Structure formats: structure tokens, C-alpha cells
Amino acid sequence: MTIRSEGSVLDHYQAMELAVSELLIEKGYFTEEDMVAEIDAMAKRTPEIGASVVARAWTDANFKERLLADGTAACESIGLDMGPTRLMVVESTNTVHNVIVCTLCSCFPRMLMGIPPDWYKSENYRSRVVREPRAVLKEFGTELPDSVAVRVHDNTADMRYLVLPHRPKGTEGMSREALAKLVTRDSMIGVAIVEAPGRKGQDRYA
Amino acid sequence: MARFLPGDSVTVRWTFPPGHIRTPYYIRGKSGEITQVLDAFANPEELAFGRDGLPKQPLYRVRFAQNRVWPDYSGMVGDTIDVELYEHWLEPEDA
Chain A
10 MTIRSEGSVL
20 DHYQAMELAV
30 SELLIEKGYF
40 TEEDMVAEID
50 AMAKRTPEIG
60 ASVVARAWTD
70 ANFKERLLAD
80 GTAACESIGL
90 DMGPTRLMVV
100 ESTNTVHNVI
110 VCTLCSCFPR
120 MLMGIPPDWY
130 KSENYRSRVV
140 REPRAVLKEF
150 GTELPDSVAV
160 RVHDNTADMR
170 YLVLPHRPKG
180 TEGMSREALA
190 KLVTRDSMIG
200 VAIVEAPGRK
210 GQDRYA
Chain B
10 MARFLPGDSV
20 TVRWTFPPGH
30 IRTPYYIRGK
40 SGEITQVLDA
50 FANPEELAFG
60 RDGLPKQPLY
70 RVRFAQNRVW
80 PDYSGMVGDT
90 IDVELYEHWL
100 EPEDA
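Top to bottom, those sequences are chains A and B. Mapping of the first sequence onto my numbering: residues 10 to 215, in sequence order. Mapping of the second sequence onto my numbering: residues 10 to 104, in sequence order.
Please note: incorrect hints may appear among the correct ones.
Some residues of chain A that are not near chain B, with every Cβ distance over 12 Å (derived) [unchecked claim]:
#1 Ile48
#2 Asp49
#3 Thr68
#4 Asn164
Below are the SDA-like pairs computed for lysine to any residue, each with C-alpha atoms no more than 25 Å apart in a straight line [said to hold, decoys possible]:
#5 A:Lys36 <-> B:Leu56
#6 A:Lys130 <-> B:Tyr82
#7 A:Lys130 <-> A:Leu19
#8 A:Lys130 <-> B:Pro33
#9 A:Lys190 <-> A:Pro206
#10 A:Lys190 <-> A:Arg65
#11 A:Lys130 <-> A:Asp90
#12 A:Lys130 <-> B:Ala57
#13 A:Lys130 <-> A:Met91
#14 A:Lys130 <-> B:Ser83
#15 A:Lys73 <-> B:Asp48
#16 A:Lys73 <-> B:Arg72
#17 A:Lys36 <-> B:Gly62
#18 A:Lys147 <-> B:Pro26
#19 A:Lys130 <-> B:Gly28
#20 A:Lys130 <-> B:Arg70
#21 A:Lys190 <-> A:Ser101
#22 A:Lys178 <-> A:Asp167
#23 A:Lys130 <-> A:Lys73
#24 A:Lys130 <-> B:Tyr34
#25 A:Lys130 <-> B:Pro15
#26 B:Lys39 <-> A:Leu113
#27 B:Lys39 <-> A:Arg140
#28 A:Lys190 <-> B:Ala57
#29 B:Lys39 <-> B:Gly59
#30 A:Lys190 <-> A:Asn71
#31 A:Lys130 <-> B:Ile30
#32 A:Lys147 <-> B:Arg77
#33 B:Lys39 <-> A:Ser136
#34 A:Lys73 <-> B:Val46
#35 A:Lys130 <-> A:Pro206
#36 A:Lys36 <-> B:Ala57
#37 A:Lys130 <-> B:Met10
#38 B:Lys39 <-> A:Cys111
#39 A:Lys73 <-> A:Lys147
#40 A:Lys73 <-> B:Thr44
Rather than coming from a laboratory, the hints here were simulated on the basis of the structure. Computed from a predicted model, the values in this text were never measured in an experiment. We put the beta carbon where it would ideally sit given N, CA and C, even for glycine.
Isolated chain A, as found in the complex (with noise of 0.2 Å):
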């Protein structure tokens, strides 16, 4: 196996992986090369996607729109590859704070995201955030006042969730690439807020 380090000791997972690639392999189910070109792909994808499909959504209301009634074909009449889970857009407000979570495994909307942070696929972050999301919020520096609702999505079954960030004040005017900069993994996961330059932590509620 041509991907791995020499030498290195493998624990139980790690071993089991490799031994179930190898066996797909050689059934022929699908190619080393196959393997290494969807390792590649995954790597390829990167937050930046999510943030440029969350400006689009910010500046264009028919986009937005078809974003949170299907966000799959939405994405997809942009021209992104969807591959095979389907999108959930949910809509952070004033009102409404939604973040994201799979407490079973590390579901995670990587068509538009890449690979999930560490963090994310931690048993502390999976068992916590659905029982006390506003101390594990605060813990990533995400205050909410108590007018605020949080609404946590468990990623389960066949949907995987993107969270559209309420769109700070002192944003108006600025073009789609500016706004795509100011949109971070963290906000489409939820555990973090976007905040409009030169205004942290000021009135984001108001």
C-alpha cells in the first residue's frame, strides 16, 4: 500500500481499514487508483466552497431560496458535485441559532466542506453539544443571548447539514468574494458566528 508511511505500528482500527481496502481491492470493487483519486478529490474540497455557496445565498434571494427548500439541487445548479448524501440547509437568524452535530459517527457536509475538523469527530464534542450546546458554544467564544433559540441538528441518517450564518450587520454593500472571506468552517458548523470587519462582538443581535 503505496498511501501509508513504512514502518509505522497500526492500532486495531487502523489495521481493520486496511485489510478491508485490500480485500475491496482485490474482489474488484474498485482500483487502488480509484481509492488514491478519491483521497485526492476529498482533499480537494475545502471550506471555501461552503463559504461561496453561503455569499451566494446572502446576496442573491432566489438563491437562497432554492438553497433552503433543496439545498442539493441548489448547489448543484451552481455547478458543484454533490456526490451521493443530500444537503440540508438550516438557517441561522436573530432569532434562531442552529448547530450542527453527528453524535453517531462524523457525518459532515463534505461535498462543501472537505474533511471535518478533529474536534468535530471527538466523543467530548458529539456527547456534549446535543446536551448543553450553549456551554460547548461559549467554549468556542460563541455567546448567545437568551432571545436567541439554539436548534442542534444530529446528522443521522441520509441528509447532511449545512448551516447558512445570519448575515452580521455592517455587511451591506460589501461584494460576494468579500463576504465569502468572512465565512469560516466554524460558522457553517455553527459553533461560531460571523462577525462583519472591524465589529467584534458588537450588536450582532440588534
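Use these hints to put chain B onto chain A, whose structure you have.
Same frame as chain A, now just chain B:
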């Protein structure tokens, strides 16, 4: 044909079968409201064992009030958790 409609109150079955189950433990036995009927999907509990997963199961988004899921929930009353659940895991709330 979906058995439930948006607005219906449902309870997640309190059952613990072995296998590849996509219903989190913490939501079993809890009651919430259907917010959306999604398409029908092949049953992952069957797919995981190499079977065809048919008939397809309607999938729902169900919204639960956090203070009904966790009796000691420390957040606000309006806080919710949304979980996707397959139809065979749901019963009418008052059943």
C-alpha cells in the same frame, strides 16, 4: 406513503436491537414533532449487512424540545434538537 405528517406528535420507540442502528440512544423513548417528511431511503440497518434495505423507509425530521429530552437541561425553553428518524422507529405520541 408516509404514515406521519408535519405537525404530528411522535414518540421514538424504546427498544435496543443489536446491529447498525441510526437512532441515537438519547432520543429513544422521547417525544417530539414531525417537522418535515423526507424521501424514503433504503433501510441502513439492512444495508449494513449486505441486504437490499427494501422496502424503503420514509425518513422524517423530528424536532424535540431540549427540556423534554434532558430533564436537567440548563439552556433556554425554546432550545430544540432535530434528529432524522426512519418511520419504523416512530409511534404516535399517545399510542
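Now for the hints, and whether the structure bears them out:
no., hint, in the structure
1, Ile48, "23 Å, holds"
2, Asp49, "27 Å, holds"
3, Thr68, "27 Å, holds"
4, Asn164, "8 Å, violated"
5, A:Lys36 <-> B:Leu56, "19 Å, holds"
6, A:Lys130 <-> B:Tyr82, "23 Å, holds"
7, A:Lys130 <-> A:Leu19, "20 Å, holds"
8, A:Lys130 <-> B:Pro33, "16 Å, holds"
9, A:Lys190 <-> A:Pro206, "10 Å, holds"
10, A:Lys190 <-> A:Arg65, "12 Å, holds"
11, A:Lys130 <-> A:Asp90, "24 Å, holds"
12, A:Lys130 <-> B:Ala57, "21 Å, holds"
13, A:Lys130 <-> A:Met91, "22 Å, holds"
14, A:Lys130 <-> B:Ser83, "24 Å, holds"
15, A:Lys73 <-> B:Asp48, "22 Å, holds"
16, A:Lys73 <-> B:Arg72, "23 Å, holds"
17, A:Lys36 <-> B:Gly62, "23 Å, holds"
18, A:Lys147 <-> B:Pro26, "36 Å, violated"
19, A:Lys130 <-> B:Gly28, "21 Å, holds"
20, A:Lys130 <-> B:Arg70, "22 Å, holds"
21, A:Lys190 <-> A:Ser101, "18 Å, holds"
22, A:Lys178 <-> A:Asp167, "34 Å, violated"
23, A:Lys130 <-> A:Lys73, "29 Å, violated"
24, A:Lys130 <-> B:Tyr34, "18 Å, holds"
25, A:Lys130 <-> B:Pro15, "31 Å, violated"
26, B:Lys39 <-> A:Leu113, "17 Å, holds"
27, B:Lys39 <-> A:Arg140, "14 Å, holds"
28, A:Lys190 <-> B:Ala57, "40 Å, violated"
29, B:Lys39 <-> B:Gly59, "30 Å, violated"
30, A:Lys190 <-> A:Asn71, "22 Å, holds"
31, A:Lys130 <-> B:Ile30, "18 Å, holds"
32, A:Lys147 <-> B:Arg77, "23 Å, holds"
33, B:Lys39 <-> A:Ser136, "17 Å, holds"
34, A:Lys73 <-> B:Val46, "21 Å, holds"
35, A:Lys130 <-> A:Pro206, "30 Å, violated"
36, A:Lys36 <-> B:Ala57, "19 Å, holds"
37, A:Lys130 <-> B:Met10, "35 Å, violated"
38, B:Lys39 <-> A:Cys111, "18 Å, holds"
39, A:Lys73 <-> A:Lys147, "29 Å, violated"
40, A:Lys73 <-> B:Thr44, "20 Å, holds"
Of the numbered hints listed earlier, those contradicted by the structure are 4, 18, 22, 23, 25, 28, 29, 35, 37 and 39.
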